[in-house]
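Work out the full structure, taking the sequences as your base and the hints as a guide.
Here is how the chains run, residue by residue.
Number of protein chains: 2
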Amino acid sequence: PQGTRDQRPAHMALREHLFAAVVACFKRHGAAAIDTPALELRETLMGKYGESGKLIYELQEQGGELLALRYDLTVPFARYLAMNKITTMKRYHIAKVYRRDSPATSRGRYREFYQCDFDIAGHFDPMIPDAECLKIVHEILSELKLGDFLIKVNDRRVLHGVFAICGVPDSKFISTCSSVDKLDKMPWEDVRSEMVAEKGLSPEAADHIGEYVRLHGGLELIEQLLQDPKLSQNKLAKEGLGDMKLLFEYLTLFGITGKVRRCWGQEEPQAPQLRMLTGFCVPQICFDLSLARGLDYYTGVIFEAVLVQQENDHMEEPVGSVAGGGRYDGLVGMFDPKGRKVPCVGVSIGIERIFSIVERRVKASGEKVRVTETQVLVATPHKHLLAARLKLISELWDAGIKAEMLYKKDPKLLKQLQYCEDTGIPLVAIIGEQELTDGVVKLRVVTTREEVRITFYTRIQKCFHNLGMV
Amino acid sequence: PQGTRDQRPAHMALREHLFAAVVACFKRHGAAAIDTPALELRETLMGKYGESGKLIYELQEQGGELLALRYDLTVPFARYLAMNKITTMKRYHIAKVYRRDSPATSRGRYREFYQCDFDIAGHFDPMIPDAECLKIVHEILSELKLGDFLIKVNDRRVLHGVFAICGVPDSKFISTCSSVDKLDKMPWEDVRSEMVAEKGLSPEAADHIGEYVRLHGGLELIEQLLQDPKLSQNKLAKEGLGDMKLLFEYLTLFGITGKVRRCWGQEEPQAPQLRMLTGFCVPQICFDLSLARGLDYYTGVIFEAVLVQQENDHMEEPVGSVAGGGRYDGLVGMFDPKGRKVPCVGVSIGIERIFSIVERRVKASGEKVRVTETQVLVATPHKHLLAARLKLISELWDAGIKAEMLYKKDPKLLKQLQYCEDTGIPLVAIIGEQELTDGVVKLRVVTTREEVRITFYTRIQKCFHNLGMV
Numbered sequence: 003p004q005g006t007r008d009q010r011p012a013h014m015a016l017r018e019h020l021f022a023a024v025v026a027c028f029k030r031h032g033a034a035a036i037d038t039p040a041l042e043l044r045e046t047l048m049g050k051y052g053e054s055g056k057l058i059y060e061l062q063e064q065g066g067e068l069l070a071l072r073y074d075l076t077v078p079f080a081r082y083l084a085m086n087k088i089t090t091m092k093r094y095h096i097a098k099v100y101r102r103d104s105p106a107t108s109r110g111r112y113r114e115f116y117q118c119d120f121d122i123a124g125h126f127d128p129m130i131p132d133a134e135c136l137k138i139v140h141e142i143l144s145e146l147k148l149g150d151f152l153i154k155v156n157d158r159r160v161l162h163g164v165f166a167i168c169g170v171p172d173s174k175f176i177s178t179c180s181s182v183d184k185l186d187k188m189p190w191e192d193v194r195s196e197m198v199a200e201k202g203l204s205p206e207a208a209d210h211i212g213e214y215v216r217l218h219g220g221l222e223l224i225e226q227l228l229q230d231p232k233l234s235q236n237k238l239a240k241e242g243l244g245d246m247k248l249l250f251e252y253l254t255l256f257g258i259t260g261k262v263r264r265c266w267g268q269e270e271p272q273a274p275q276l277r278m279l280t281g282f283c284v285p286q287i288c289f290d291l292s293l294a295r296g297l298d299y300y301t302g303v304i305f306e307a308v309l310v311q312q313e314n315d316h317m318e319e320p321v322g323s324v325a326g327g328g329r330y331d332g333l334v335g336m337f338d339p340k341g342r343k344v345p346c347v348g349v350s351i352g353i354e355r356i357f358s359i360v361e362r363r364v365k366a367s368g369e370k371v372r373v374t375e376t377q378v379l380v381a382t383p384h385k386h387l388l389a390a391r392l393k394l395i396s397e398l399w400d401a402g403i404k405a406e407m408l409y410k411k412d413p414k415l416l417k418q419l420q421y422c423e424d425t426g427i428p429l430v431a432i433i434g435e436q437e438l439t440d441g442v443v444k445l446r447v448v449t450t451r452e453e454v455r456i457t458f459y460t461r462i463q464k465c466f467h468n469l470g471m472v
Numbered sequence: 003p004q005g006t007r008d009q010r011p012a013h014m015a016l017r018e019h020l021f022a023a024v025v026a027c028f029k030r031h032g033a034a035a036i037d038t039p040a041l042e043l044r045e046t047l048m049g050k051y052g053e054s055g056k057l058i059y060e061l062q063e064q065g066g067e068l069l070a071l072r073y074d075l076t077v078p079f080a081r082y083l084a085m086n087k088i089t090t091m092k093r094y095h096i097a098k099v100y101r102r103d104s105p106a107t108s109r110g111r112y113r114e115f116y117q118c119d120f121d122i123a124g125h126f127d128p129m130i131p132d133a134e135c136l137k138i139v140h141e142i143l144s145e146l147k148l149g150d151f152l153i154k155v156n157d158r159r160v161l162h163g164v165f166a167i168c169g170v171p172d173s174k175f176i177s178t179c180s181s182v183d184k185l186d187k188m189p190w191e192d193v194r195s196e197m198v199a200e201k202g203l204s205p206e207a208a209d210h211i212g213e214y215v216r217l218h219g220g221l222e223l224i225e226q227l228l229q230d231p232k233l234s235q236n237k238l239a240k241e242g243l244g245d246m247k248l249l250f251e252y253l254t255l256f257g258i259t260g261k262v263r264r265c266w267g268q269e270e271p272q273a274p275q276l277r278m279l280t281g282f283c284v285p286q287i288c289f290d291l292s293l294a295r296g297l298d299y300y301t302g303v304i305f306e307a308v309l310v311q312q313e314n315d316h317m318e319e320p321v322g323s324v325a326g327g328g329r330y331d332g333l334v335g336m337f338d339p340k341g342r343k344v345p346c347v348g349v350s351i352g353i354e355r356i357f358s359i360v361e362r363r364v365k366a367s368g369e370k371v372r373v374t375e376t377q378v379l380v381a382t383p384h385k386h387l388l389a390a391r392l393k394l395i396s397e398l399w400d401a402g403i404k405a406e407m408l409y410k411k412d413p414k415l416l417k418q419l420q421y422c423e424d425t426g427i428p429l430v431a432i433i434g435e436q437e438l439t440d441g442v443v444k445l446r447v448v449t450t451r452e453e454v455r456i457t458f459y460t461r462i463q464k465c466f467h468n469l470g471m472v
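These protein sequences, in sequence, are chains A and B. Counting with this note's numbering, you get residues 3 to 472 for the letters of the first sequence. Counting with this note's numbering, you get residues 3 to 472 for the letters of the second sequence.
These aren't lab readings, by the way, just hints derived from the structure by calculation. A portion of the hints provided could be inaccurate.
You can't tell identical chains apart in this list, so a pair holds if it fits in one copy or across any two.
Stated by the list, open to error - Here are the simulated DSS-like cross-link-like pairs (lysine-lysine), alpha carbons at most 25 angstroms apart as the crow flies:
| # | residue 1 | residue 2 |
| --- | --- | --- |
| 1 | Lys444 | Lys393 |
| 2 | Lys247 | Lys385 |
| 3 | Lys370 | Lys232 |
| 4 | Lys98 | Lys29 |
| 5 | Lys411 | Lys343 |
| 6 | Lys247 | Lys411 |
| 7 | Lys29 | Lys444 |
| 8 | Lys410 | Lys343 |
| 9 | Lys147 | Lys184 |
| 10 | Lys393 | Lys417 |
| 11 | Lys370 | Lys240 |
| 12 | Lys343 | Lys365 |
| 13 | Lys410 | Lys87 |
| 14 | Lys87 | Lys370 |
| 15 | Lys232 | Lys444 |
| 16 | Lys385 | Lys410 |
| 17 | Lys444 | Lys417 |
| 18 | Lys411 | Lys29 |
| 19 | Lys393 | Lys147 |
| 20 | Lys237 | Lys56 |
| 21 | Lys410 | Lys240 |
| 22 | Lys340 | Lys417 |
Quick look at the structure:
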């Protein structure tokens, strides 16, 4: 089907490596795993994703319930918490989600793709779980060695306040957000035109918004806005800025508010040639008022991580955000019959985009990825020795050794050695008539052709043990 | 949705343990992993599953292709081989499949469930890959310690031959198979009536079939049937019996043709009380002519593993088969434009049934399953120490240690210790004013309350290292 793909063995090996790093981080932060069905009732998903709701895959009515494929892992998590009356939980969830989007497969955008989510639910003191989510993004992106990255942070309440003091009515909050969110792809002039022409804001309001949303910085910017005569009068903005300040203090304690060499944002030169030459420093985690995020359900902190383009990275187009998330304190209440709220904050790692970057790099490096873990090939040098091979390989399997043999009665030795070279198997265990008579096995290192004769097969195990293979 | 369920953390922990054992076995046998989309084109799935095809989940037509959810992993594998013109491959695939079946959740039967498949594709010498599939079933069921099990083996060609010499026309082959397949749930008399009344066989044909399909045994039965004056004249049956003989020889070399104490089959006493008292021995792998299997696509060897009921196992109902598979030499050709065949044999582990058994056992044992792997809780004994906690936990995370803290500014020490007991965290790292002044951390073992003061925090890492926790 369009926008989907098979994962061949080389993909899977790489993918397992990436998942392992992500899971290790989630477990390091004490998260438990859950899984939910890929199928949800349609009513569970409806009205949670704003305009994107039209991209939900619906199932045919075949008698029984009206079903749809999950669109993300956040809504099912909220449904899970409400259904089971859970008020405190730290969980991760790695699973496929489905979107009837226009696929852009070269950039890692598919209709079926994995999400890797970590969320903290519960009534806690402000910004402690939020800071942990950002720490997790920082740990994972650092560990995967994707190059420099930048994490943009904002707060929906600050945006609310900014729009309010600029004279935007509440009813236009989400649509104004979606314009602002385009600032990372469009120059300010175009965003301004959209606000005025399509969203119906006054030119004065748009200009006023422009003064705010092009701001970004660190603690000093937060302090400055807290002093802003108009903004500091707005209750929501003041709350949001107070929490931003706390968040940046915690992030400093986590030691992740350092600087990176180069930023990929709207204030850099537009021409790629110039961009490559400019070398200014920006903070790695940045309070950025242009960050708005598309989804309806965010209520507080929001964030997004992007990779910083590097000279030697020949990407045709930027990969966009590689992680994102935020606080959604109202979503669980939507599934509770009594509307009881469970505050939540979470992060989603854009593993597909990361995968497409890593895959491109592996391809460029020409490195050969082994797709199996086989340690030894059981081989025979001449005919009529199938029984000996079957007996030996069975012993190896029972001893926990990863072993293969060719599925031929009488394969040529050359073919057997060739198979090792093709698949990267490091050792061959050879048994011929002579070895059978002597009760030994000849063990050969494929690359060096070095050989040892070892006593059949209590010794073979010991040998493997010494090689660190068991 | 009906027939689906959320996997809570305790389930996930158990599930990960089972998957790990299965994957380890598949990798030991040199298989590479692949993944295919959960969505397939409807035309890919249609006409592959016989009558069960009506249980396929179809997606709503929303513009674009007609899609359906995959029903198993075998058909997508065949489609994958044909699409990519692959003629040799050993792969495993662990993923969810979807069936609009009537759910029987207590027996582990769901509408969304995992399959764990291992398949070998390619033109090889007879029965070598087939024997490996049976070895894999034997290894996995032994390793998971599910108790005694029995593997029934048959060959579709032998059944074809038997039905032919009994006068069943080719057109009634599949429907006669489906009657025969009920012999493990119904007495022979009922199966016979069904054949005559519903399937339209003559009473003589049915009786004749009955003489054959109630036979089961080992090599000696195969030899006996090879001498059978009528059966030995049938080309297909002779081929099938020849291969069965070879298969059992290979299985003997693999050392898995031993006996188990008790068999759960149609020749045992029907009353459970009697069944518990009878103690006769049966071969663990058994040539059983009543095994027919439902799916259309099998062309040769077929097999199924069942658990042998034990006295101390208080199951309300038998769990049915826990693994099954067989040879399907024609399926890949159905997806190739030129009809080129790729012979395949494979096994599917019934992980959901196994999971429901293991889960019931864990529940009965009252054992508490830890759902997280957190090694240490970072705690403070009094107020105003959040910064110290944040700094310490960040160091621990960066050192690869699995650490948690409570998301409160000033949690009570008792609450923090309680959290460890509730979640099974073995250690607490305590920092108070005194410890901060002395530059140390107090490390306490939760269960014994034993304490050590260790120097802040190069030493903490060493300490964890010695405890084998890093």
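Hints and how they fare:
no.	hint	verdict
1	Lys444 / Lys393	within (15 angstroms within a copy, 56 angstroms between copies)
2	Lys247 / Lys385	between (77 angstroms within a copy, 21 angstroms between copies)
3	Lys370 / Lys232	neither (60 angstroms within a copy, 56 angstroms between copies)
4	Lys98 / Lys29	both (20 angstroms within a copy, 24 angstroms between copies)
5	Lys411 / Lys343	between (67 angstroms within a copy, 21 angstroms between copies)
6	Lys247 / Lys411	between (72 angstroms within a copy, 16 angstroms between copies)
7	Lys29 / Lys444	between (43 angstroms within a copy, 24 angstroms between copies)
8	Lys410 / Lys343	between (64 angstroms within a copy, 19 angstroms between copies)
9	Lys147 / Lys184	neither (28 angstroms within a copy, 57 angstroms between copies)
10	Lys393 / Lys417	within (21 angstroms within a copy, 58 angstroms between copies)
11	Lys370 / Lys240	neither (55 angstroms within a copy, 46 angstroms between copies)
12	Lys343 / Lys365	neither (48 angstroms within a copy, 32 angstroms between copies)
13	Lys410 / Lys87	between (58 angstroms within a copy, 22 angstroms between copies)
14	Lys87 / Lys370	between (49 angstroms within a copy, 21 angstroms between copies)
15	Lys232 / Lys444	neither (83 angstroms within a copy, 49 angstroms between copies)
16	Lys385 / Lys410	within (10 angstroms within a copy, 72 angstroms between copies)
17	Lys444 / Lys417	within (17 angstroms within a copy, 62 angstroms between copies)
18	Lys411 / Lys29	between (47 angstroms within a copy, 23 angstroms between copies)
19	Lys393 / Lys147	between (45 angstroms within a copy, 24 angstroms between copies)
20	Lys237 / Lys56	neither (35 angstroms within a copy, 58 angstroms between copies)
21	Lys410 / Lys240	between (75 angstroms within a copy, 22 angstroms between copies)
22	Lys340 / Lys417	neither (69 angstroms within a copy, 29 angstroms between copies)
Taken one by one, the earlier hints fail for this structure at numbers 3, 9, 11, 12, 15, 20, 22, listed in ascending order.
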